[in-house]
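Visitor: As a plain string of letters, each chain reads:
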Amino acid sequence: MKKTRLNAVHKESGARMIEFAGWEMPVEYEGIIDEHVAVRTKAGLFDVSHMGEITIEGEEALACVQYLTPNDAARLSPGQVQYTALTTPEGTFVDDLLVYCLSVPDKYLLVVNAANSDKDYAWVKEKSAAFKVKVANRSDNYTQLALQGPLAQEILQPLTELDLGLMKSFNFALGKVAGFDCLVSRTGYTGEDGFEIYTLAQRPEAIWKAIMKEGTPKGLLPVGLGARDTLRLEAKLMLYGNDISDKTTVLEADLKWIVKFQKGDFLGKAALEKQVQDGLKRKLVGFEVIEKGIARPHYPVFIKGEKVSEVCSGTFAPYLKKPIGLVYLPIEFTEIGIEFEIGIRDKMFKARVIPTPFYKREKK
Amino acid sequence: MYPNDFYYTKEHEWLKVEGDEAVVGITDFAQKQLGDIIYVDLPKPGKILEAHQTIGTVESVKSVSDVYSPISGEVIQVNSVLAQSPDTVNKDPHGEGWIVRLKVKDKSEITNLMKAADYEKYLEGLEH
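Protein chains in written order, with this note's numbering: chain A, 46 to 409; chain B, 118 to 245.
Simulated from the structure, these hints should not be mistaken for lab results. It is possible that some hints are incorrect.
SDA-like cross-link-like pairs, simulated, lysine to any residue; straight-line CA separation at most 20 Å [claimed, not checked]:
| id | chain 1 | residue 1 | chain 2 | residue 2 |
| --- | --- | --- | --- | --- |
| 1 | A | Lys392 | B | Val198 |
| 2 | B | Lys149 | A | Lys305 |
| 3 | B | Lys161 | A | Arg390 |
| 4 | A | Lys366 | B | Ser202 |
| 5 | A | Lys392 | B | Lys127 |
| 6 | A | Lys56 | B | Gly152 |
| 7 | A | Lys392 | B | Asp158 |
| 8 | A | Lys392 | B | Gln170 |
| 9 | A | Lys337 | B | Val195 |
| 10 | A | Lys366 | B | Asp204 |
| 11 | A | Lys392 | B | Thr205 |
| 12 | B | Lys149 | A | Glu75 |
| 13 | A | Lys56 | B | Phe146 |
| 14 | A | Lys366 | B | Tyr119 |
| 15 | B | Lys208 | A | Lys392 |
| 16 | A | Lys366 | B | Lys161 |
| 17 | A | Lys367 | B | Val195 |
| 18 | A | Lys305 | A | Asp323 |
| 19 | A | Lys367 | B | Pro203 |
| 20 | A | Lys367 | B | Val181 |
| 21 | B | Lys127 | B | Gly242 |
| 22 | A | Lys392 | B | Lys224 |
| 23 | A | Lys367 | B | Ser202 |
| 24 | B | Lys149 | A | Ala108 |
| 25 | B | Lys149 | A | Val72 |
| 26 | A | Lys305 | A | Ala108 |
| 27 | A | Lys367 | B | Thr205 |
| 28 | A | Lys366 | B | Gln170 |
| 29 | A | Lys366 | B | Gln201 |
| 30 | A | Lys337 | B | Val198 |
| 31 | B | Lys208 | A | Asp79 |
| 32 | B | Lys208 | A | Arg61 |
| 33 | A | Lys337 | B | Gln201 |
| 34 | A | Lys305 | A | Ser122 |
| 35 | B | Lys149 | A | Lys392 |
| 36 | B | Lys232 | B | Asp158 |
| 37 | A | Lys337 | B | Ser182 |
| 38 | B | Lys149 | A | Asp79 |
| 39 | A | Lys392 | B | Lys164 |
| 40 | A | Lys367 | B | Gln201 |
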């Protein structure tokens, strides 16, 4: 099992550790609900060093990223970040990811899911063979922290020379945090304002400790993977393996906004164009369980007594205080308000399609 | 940590005998494994349970777990506090977070259960 460079810090903090994607990671410290609510109302600090980092460098780096992903990376200036996907020729997901533009057109950083980083690296390496680029898997070199919540900027600002007030959402800058060279981006996986902090430092514990010291009096809590999952689901952010996979297309996942057909050719373009022409047969929707029951991944979903699907993500939403989830439904049953049933152990529970994201923060 | 006058199961329930009756709950180890508890699905009083039969379910944010009856008996009371405050099981698993009270059918079944020292040894085994 791999360990992040902060492993000892988590154990000292009393975290309960689990294995996730080959890494020993903290799943919770104080408890999922307290951690979740801290991120919504104050701030939370996550160690997400298990995430993968792949660099693409060379004179055709932009052309390569454009070919591998459906979003338009040509719109990125240095210092900007974009949510996109690695797509198969069928228009399904190899992974979803963030692209960081370090230099146009020759330097890009892909931040990918931990469980997929080796697969993604192999994929990018293979599919980029025709481009003048150098691809490197830097996943084991980077430590990644996420500081998320309405107080994130207030907590981080005293520790960095960067002017965080000038950093817009989905932008990043290079600078020192607690004395260490870092890349800081205004991004996250919680639905809150916040930052993700990347460093190549060999001993980054001091960054974690400095942020905790600054934030603890303001209500900052360390947050584990348990609350990371409930936070991202409330904000309807995708989890690869649950909500998207190589069996679901980008359009079925309701992520049409990351598909830019006008930009030129990319992997999966023809398949996705055909899907637009033919019309979708199913789509990912958000639901709430109306009765008291929590729908969990793979629970069967029924319409008029017939099994039509399985729950993708499903949990109790700690901030909204109700059971929510995501499911692919036949397209004729995807309108808001449509009711269906979920088999929760030996009973049938009524559920209803509701608007997403389930939670949206109020913009200041 | 684990009261000496309780009996324990491998599935992490506890049983406290009080005359012809017994109280059942889940152990501190069980509540820690589950994390924040959201629902406790309780049986109705009058339900007859065999040993190892499902009493109900305890559901946390992350997972769901059946609760098994350590011995045979009739449910004579359920902890109605848990309907409103299921997290009582997290806060006080061996006390206020009890789940049901049974009328014991056959006291000899208790010999099948673990005492506190044995349960603690059993937990040590699980952690390695």
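Visitor: Against this structure, judge whether each hint is valid.
Guide: Against the structure, the hints:
1. A/Lys392 - B/Val198: violated (24 Å)
2. B/Lys149 - A/Lys305: At roughly 47 Å apart (the allowed maximum being 20 Å), A/Lys305 and B/Lys149 break the hint.
3. B/Lys161 - A/Arg390: Answer holds: B/Lys161 to A/Arg390 is near 19 Å, not above 20 Å.
4. A/Lys366 - B/Ser202: holds (13 Å)
5. A/Lys392 - B/Lys127: With a Cα-Cα distance of about 27 Å, the restraint between A/Lys392 and B/Lys127 is violated, given a limit of 20 Å.
6. A/Lys56 - B/Gly152: This hinted pair holds, its Cα atoms lying about 17 Å apart.
7. A/Lys392 - B/Asp158: holds (13 Å)
8. A/Lys392 - B/Gln170: With a Cα-Cα distance of about 18 Å, the restraint between A/Lys392 and B/Gln170 holds, given a limit of 20 Å.
9. A/Lys337 - B/Val195: holds (19 Å)
10. A/Lys366 - B/Asp204: The given pair, whose Cα atoms are some 14 Å apart, holds under the 20 Å limit.
11. A/Lys392 - B/Thr205: With a Cα-Cα distance of about 26 Å, the restraint between A/Lys392 and B/Thr205 is violated, given a limit of 20 Å.
12. B/Lys149 - A/Glu75: holds (11 Å)
13. A/Lys56 - B/Phe146: holds (18 Å)
14. A/Lys366 - B/Tyr119: The given pair, whose Cα atoms are some 32 Å apart, is violated under the 20 Å limit.
15. B/Lys208 - A/Lys392: violated (29 Å)
16. A/Lys366 - B/Lys161: Measuring from Cα to Cα gives roughly 26 Å; hence the hint is violated.
17. A/Lys367 - B/Val195: Between A/Lys367 and B/Val195 the Cα gap is close to 24 Å, so the pair fails against 20 Å, i.e. violated.
18. A/Lys305 - A/Asp323: holds (18 Å)
19. A/Lys367 - B/Pro203: holds (14 Å)
20. A/Lys367 - B/Val181: holds (16 Å)
21. B/Lys127 - B/Gly242: holds (11 Å)
22. A/Lys392 - B/Lys224: violated (34 Å)
23. A/Lys367 - B/Ser202: Holds - the C-alpha atoms of B/Ser202 and A/Lys367 are around 15 Å apart, at most 20 Å.
24. B/Lys149 - A/Ala108: Violated - the C-alpha atoms of A/Ala108 and B/Lys149 are around 50 Å apart, more than 20 Å.
25. B/Lys149 - A/Val72: OK: B/Lys149 and A/Val72 at ~12 Å, within 20 Å.
26. A/Lys305 - A/Ala108: Measuring from Cα to Cα gives roughly 15 Å; hence the hint holds.
27. A/Lys367 - B/Thr205: holds (19 Å)
28. A/Lys366 - B/Gln170: violated (31 Å)
29. A/Lys366 - B/Gln201: holds (13 Å)
30. A/Lys337 - B/Val198: With a Cα-Cα distance of about 17 Å, the restraint between A/Lys337 and B/Val198 holds, given a limit of 20 Å.
31. B/Lys208 - A/Asp79: Judged against 20 Å, a Cα distance of about 14 Å means the pair holds.
32. B/Lys208 - A/Arg61: It holds: about 17 Å lies between the C-alpha atoms, which stays within 20 Å.
33. A/Lys337 - B/Gln201: The hint holds at about 13 Å.
34. A/Lys305 - A/Ser122: At roughly 17 Å apart (the allowed maximum being 20 Å), A/Ser122 and A/Lys305 satisfy the hint.
35. B/Lys149 - A/Lys392: violated (27 Å)
36. B/Lys232 - B/Asp158: violated (27 Å)
37. A/Lys337 - B/Ser182: Holds, at roughly 16 Å.
38. B/Lys149 - A/Asp79: Satisfied, since the Cα-Cα distance of roughly 15 Å is no more than 20 Å.
39. A/Lys392 - B/Lys164: Answer holds: A/Lys392 to B/Lys164 is near 19 Å, not above 20 Å.
40. A/Lys367 - B/Gln201: holds (14 Å)
Hint compliance for this structure: hints 1, 2, 5, 11, 14, 15, 16, 17, 22, 24, 28, 35, 36 are broken, all remaining hints hold.
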